[in-house]
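Student: One-letter residues, chain by chain:
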Amino acid sequence: MKFGIVVSEGPYTHQASDTAYNFAKAALEGGHEVPRVFFYHDGVNVGTRLSIPPQDERNIQQNWTALAAEHNVDLVICIAAAQRRGLLDENEASRQGKDANNIAEGFRISGLGQLIEMGIQTDRLMTFGD
Amino acid sequence: MSEVKKFLYVNRKAPYGTIYALEALEVVLIGAAFDQDVSLAFLDDGVFQLAKGQNTKGVGIKNFSPTFRALGDYEVTKLYVEKESLDERGLTLDDLLAVTYEDEDDDYEEKPSIRLVSRAEMADLMSTQDVILSF
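So the protein sequences, as listed, match chains A and B. For what it's worth, our numbering labels the leading residue of the first sequence as 1, then goes sequentially. For what it's worth, our numbering labels the leading residue of the second sequence as 1001, then goes sequentially.
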């Protein structure tokens, strides 16, 4: 089965991104497809490469980056939600005249159309949120 | 993209206090370009999103409720409001915005977009959808 996943809460404060990760991993290991994960609301904060959790805790961003590399999952961060919350890739930083970018490897910034498209193209859309 | 799916956007939260309602509406507006079968559901505190006479000056947050009245222009014409949620909050249909659309299959007659449904009918509606996005 083809699953689309939405992560709608931020990392560490909420368990949503952990549960979404565990679900995606289990689905992929079980032979299902997870072509895309869409990060919305505070979920966009999962995609910053500047978070530094304590060493004895899981690193949520690195977990996703590794999963995406291994299984070719498209990790999409909503641009409108990202701009409100200070998540920028190199292009956006330069376009908006900002002095830094912070997107982690394996993530990309794109529009809400990617969320709708995911709903159309997958068999099930799962939201992990509050 | 020939396949048409039934999309239901479920609004459960008050319009201000958290950003969910505003960002849900942003999804609806973008999603309208995809020519899918779109419905919106309002339940729990989500019914407050449609309350008329909203004034957000005191909280310094943009009042986005006028956008609901423009949904008809985006061919988003089905706004299901749960009656029990209204009752529990002392609201009636008269307290809600007059959201309408022009029915192109009926000589562009102006019709109400808001449809009052019971909790049981809301459950039935959800069970017939392909994609449910809950906010």
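Among the hints, a few may not be true.
Calculated pairs, DMTMM-like style, for lysine to aspartate or glutamate (alpha carbon to alpha carbon, straight line, at most 20 angstroms) [said to hold, decoys possible]:
1) A:K2 - B:D1073
2) B:K1006 - A:D130
3) B:K1006 - B:D1073
4) B:K1083 - B:D1073
5) B:K1005 - B:D1035
6) B:K1013 - A:E117
Looking from chain A toward chain B, a few residues come up when the C-beta cut is under 10 angstroms (computed) [said to hold, decoys possible]:
7) A66
8) A68
9) G129
Between beta-carbon pairs, the in silico distance windows are [to be verified]:
10) A:E105 - B:T1100: 26 to 36 angstroms
11) B:D1105 - A:E105: 46 to 56 angstroms
12) A:K98 - B:T1100: 16 to 26 angstroms
13) A:G86 - B:Q1054: 23 to 33 angstroms
Bear in mind the hints are in silico, worked out from the structure with no lab data behind them. From the three backbone atoms N, C-alpha and C, an ideal C-beta is built for every residue, glycine too.
Student: Any hints from earlier that this structure breaks? Give me their numbers in increasing order, please.
Tutor: 1, 2, 4, 6, 7, 8, 10 and 12
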